[in-house]
Each structure stands twice: as structure tokens, then as C-alpha cells.
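Engineer: Given next are the chains, with one letter for each unit.
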Amino acid sequence: MLQRSKTEFLLIFLTFLLIFISYSMAVDNSQSVCQENLDKSFLKVIYSLEGSKVSFNIKLLNVSYDDNKREQISPINGGLIIIKNVSSDEDICYVVTNNEGDALTEFDIRPGMCQDFLLEFKPDGNYDGVKSCGSENSPIIYTNSFIGSRFSAHICAPPKTSANIAVCWFATLIGGLIFAASFIMGRNPFLFFDFSSSRSLSPRFSSAQAGYNPMTKSTDSQTTSEKVRGVAMGALDTSTQAINTLNNFGISTGSVKEKLSDIEQWAEDPTRKASNLVFSKQTEQDQTKEPSNLVSSKPIGNEPQPTGNEPQKIGNEKINITVGDLVAGGVKTMVTTVAFAVAPRRAKTQKKPTLGTISKTFGGTLFSQVYSNALGILKQFLIQNMAQNPPSNQDHPFELIDLFISRDDKKSQSPEETMKRLINLASKKLDKLCSALEKAHYVPDSYTSREVSSVISFFFSMPSSSDSVTSSSDSVSDWVNKTQTIKNQK
Amino acid sequence: MQIKNILNDLSVLSQKNDRLNILNSISKLKDIINKEKQDLAIKFVKEMVILSPIKFLEKYVQDTYPEILVGLFAYLNQMLDSLDQMHQKVSSNNFNINELVNEIDNKNKEYERKFLVLDTYFKLFELFALVHFYYKANQQLIDHFILSKKKSLMFDKFDTLSLNDLEKIRQKIDLEIEHYSKKLNIKLS
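Chains as they are written, first to last, in this note's numbering: chain C, 1164 to 1653; chain D, 28 to 216.
Check the hints yourself; a few may be wrong.
Calculated lysine to any residue pairs in the SDA-like style (CA-CA distance at most 25 Å, straight line) [claimed, not checked]:
hint: 1; chain 1: D; residue 1: Lys210; chain 2: C; residue 2: Phe1270
hint: 2; chain 1: D; residue 1: Lys184; chain 2: C; residue 2: Arg1613
hint: 3; chain 1: D; residue 1: Lys73; chain 2: D; residue 2: Asn212
By construction, these hints were calculated from the structure, which means they are not laboratory data. Just so you know, these numbers come straight off a predicted model, no measurement behind them.
Sequences are here, hints too, so could you generate the full structure?
Structural biologist: Okay, here's the thing in C-alpha cells:
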């Protein structure tokens, strides 16, 4: 009995011992997995594709919760992010975030290809054997602080457009040649698309079904040259009528050169208001032309009195552009109509051009041209009226400074010279500017804000040799040089 | 700082009833403020000339500059007004000018803060100009960049930020300018 109880006791003891050991091990393991309560990390990636170059704007954030269980987001400085182009054999590389949690990097993708990128934040900071994507900083080890995070992107680079255009152009050329050859041979090239025709009467065996027809001479009494002449005369008459309409607005229609000289004279007149400058931005074409009878620059502070002719000249400048449009519209109408009249018509289905159809084509084209030009004239007319009646007839604090900058800018040659002159002229006019602003202190703020706005508008619309900066991609150095020159100018 | 020192001198001189030196200090202060007005106008003209080739910036400059610039000139003019009043008081042997000195001091502090706001906007517009070149005038990318920066840099709240916060924003903008300058292989200043 005692022996049995001893054996039972031993078995129970061993069982408990086993349970205890296994429990202890389980506790140890769980502790090694969840040592601490780690914060979450969040990888925010914005990527942009430009041509075959993809830019990653990476932001590494820490998401935590305060005592009130409110979400707190803060940047992670020195976070190691491994980037892998999964679809290619390229080596993986790493970037390190700055103190704002930001990192930037770029990759090239082959045009027309799609590639998968994987970005991974590694809190252990281990980048052994991994090359840098451009970062010079060393990562900070966050093994005990954050849980890692990942981001993946599937990015496709568009194929090179030049190749597509070449292929399309070639295909169009071949197609055009086939259609033209078919047409010249007396067949209707579109008959192949006619599914209603029976197979037995296919164009291959039936020339009649294929639209073959012997060529016949046109019975129209007018010859082609007569038609062309008539159409041209019609177009010119319409243009003349349009110009006469402009004359009714009180606008003369001299040569373009005369008009340009008028504009230059108007620009020379120092009495125009700041609001006029804003409303009458000059075209780039006007700026590049050398004035034919440019009046020499008057000394500062010796401006003549207003003559009251300025608005009329503003109108001239604007309508000059419109006259050019009208002439272009007339020519377009003429060409369209002539093309319609003389186009060869050999297929059975095509009707011969008659005086009626030609007139209809001419009328339709002319109407669209006159309509678009009329809208332009109306717009210019409204602008002209606004220029004549500026919103306020009070003194404009900036009217003198902007005027001189504008006038002298026209004459300078090099961009550097332009900038120096601008600053010098602005400095010379500062007394007047400051006194005007001082005076403006006693009038409502909205008025002075509007005036500052008008000066800003003026500078941005100012004719300047630096205009090309915005369209040329490699002129950043030009802009930087100017910026440095201006900043260094005392 | 120069204005601050002269204002301190004025407080001391008013206690001593030193009429002549007070009037001299007032005159000196007026010269400094008038010079400041000229410098401010030059700064404005220069910045406009620098930014004007980047046409898309006009709307951003137009929305932010006028009110601030007008406000800055208004502060300087108000300081000059206060100095005129002070001059009249002291001329009539009334040396109770502490209130006016405090008023000018407050205006000067507010002017300096607003000046920093204006300069921060200019820095930001310079950054936008650099990004314009970096993205080769691709308006979609530029707009995206501006939108994200306006959000992260609290573009619309510069005027309400403390000097400390404003300084932090300026440092951030400087870092961005440095980053894009490196990318474009240029040096802006």
C-alpha cells in the first residue's frame, strides 16, 4: 500500500514538474517575443513619374497614442529604408530619413516597362552589404522602439512617344498610298467595308460594284481659275467689310509697322496709369520688335502732362492683333473654299462641285471665322473701355515707378543690364514711392492693397528678356545669376 | 535693435527732462524709420524682379504680399506719427512720453515680426521657383509639391505663428532650398 502510494506520489510529482517546466519555457518564449510595447511606424510614400525617371518622396512617421488615447504622429529621424526594384536585377539600396522624417530618391525605369518597387523601414538599422541610394547619413537603430513597415508600388513608364509617332506616321503613309492608288484606279476604297454587298458581286470580279466609272468632263460653265478668282474676291471683300466695321469703332487701319510705332509712342508716354499697365499687357511679339521712331527717354521727374490720347492708342495696339487675325481668317476661308472647288471627284458617289455647294462651303467657313473674330473684337473692346475708365481716379502711388521701369526696360540689351537698371531706377524713384505710400496711410487699406496688387501684376507682366526662363528647362542658371546679382545690389 | 536702444535712451532722458537730447533722439529715430521705409521698398522691388520670370508665382505673391506690405508701411508710418506727437510734447516741456515710447516699442516689435513673415513668404516663393526648374515646368508636379508644402509648412498661418515657430519654418524652407539647389547643382545665395 505504502509502495503504491509512493509510486503514485512520484508520478503526480513528475507530472506537475513537467507542467511547470513547460509553462516556464512558454513564459520565457513569450517574453522574448514581446519584450516591450513597440510603437508603430508608418511609411508614407509619394512617387511621381517623369519620363522614365521615378522619384520617391518618402516620409517615415511614428504613430503613438497619448494618455488620452489620442493618436500622435511624429517624424522618425535617421530611419533606415531599404528600397528594392523587385522586377529588375538592380542591387538593393538604402536611404536614411532626415530629422523631418523625409527622404528622397530617384530611379530609372525602362520606357514602356512596368516595375515593382518595395520600400521597407528596418528598425534594426542594419545595412551591411547594401549600397546607399544617395543618403550620406548613418541610420539610427530603433530595434526596441518601432515596428517596421513596408510600402510597395507598381509603376509603369510610358513608351517613348517619338517611336510611336514614327510608326503611326509610317502606317498612315502606307494606308494613304493604298487608298490613293485604289481611288486613282477607279475603285471605291471604302467598298471593302460595305458588308451589305453579296460575295458573288465582290469588287474583285465586278468593276461596276467596285464603283468603277469612266471619267467625264464637268459640264460646269465656269473654269477652275474663274472659280478661284471669284472665291478670292469674295474673301477679300469680306475682310474689307470687317476692317470697315472696325473703322466704325473709330480705329484706323494703317500698316502694321505704323501701328507698332504708335504703340511705342504710347509706351513712351509717362502719363499712363498703373491700372492701364495692368489691363494692357503687351504681347511678346511686340516686345521683341525694335521701335521705328522711339522717342528718347525723358529725365526722371520731368514728365509731360496727360494728353488724353492714351486710350485711343491702347485700342490701336489691341486691334492690330485682331486685324492680323481677320486677314488670316480671310485667307483660311479662301483656301478652304478653293480646296473644295478644285478637289478631284471621280467616284460615282461624289457629286461635282456646283456654284451652290462652293458658296455654301465659303459661307460656312466664313461664318465660323467672322464669329471667332467678333468674339475677339468684343473682348478687346471691353478691355479698352476698362483701360479708359480705371476703377479709381485717385492718385496711384506706384504710377511713376512702374512707368519708368517699363520704359527703360525696353531699351536695355543684356538681362544683367536690365536688372541693374531696374534696381537703379526703382531706387531713384523711392522718394516718390515712399511719400505716396505715406499718403496712402491716410486712405482705406483696401485701396493701398489694391495698388500693391497692381504693382505685383505689373512686374509679372513686365516685358523682360528673362521671359524665356519659364519655357527653357536649362535656364535655371540664368535665373540664379540674376537672383544673385539683384540680391548683391546695394 | 538700433530703434530699441534709442527708445531706451528716450525713457532715461525723459526722466532727466533732457529736452535737447530727447529732440535729437527723436530726430535720429525718424531718420532710421524713413531709411527703413526705403529699404523695405527696395526689398519689395528686388523680390518682385526676382520672382517675376516665374509667371505662375504671381497668384501666390498676389494673395499674400499686398496686405503684409501695406501693414508694414502702416506700422512705420504710425511710429513716425507717434514721434511727431512726442516731438510736440517735449517742445512744450511735457516730458511724460513713456506711453508714446511704449507704443513705438510695441509697433516696432510687431513690425519686426511681420517683416520676418514677409521674408518667410519670399523664401518659400524662391523654393517654389527652384521646384519649377527641378520639375522642368511640369505644372502638375509643381502644383502637387506646392499643395503638400502649403499644408506641411502652414502656409496660411505664418502671420499667426510665434517667432520661435516661424524660425523653425524658415529652417525647414532653408533645408528644402538647399536640397533642391544641390539637385540642380546651383547656389542660390
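Engineer: Give a verdict on every hint.
Structural biologist: We went through each hint and held it up to the structure:
| no. | hint | result |
| --- | --- | --- |
| 1 | D:Lys210 / C:Phe1270 | 14 Å, holds |
| 2 | D:Lys184 / C:Arg1613 | 22 Å, holds |
| 3 | D:Lys73 / D:Asn212 | 24 Å, holds |
Of the numbered hints listed earlier, not one is contradicted by the structure.
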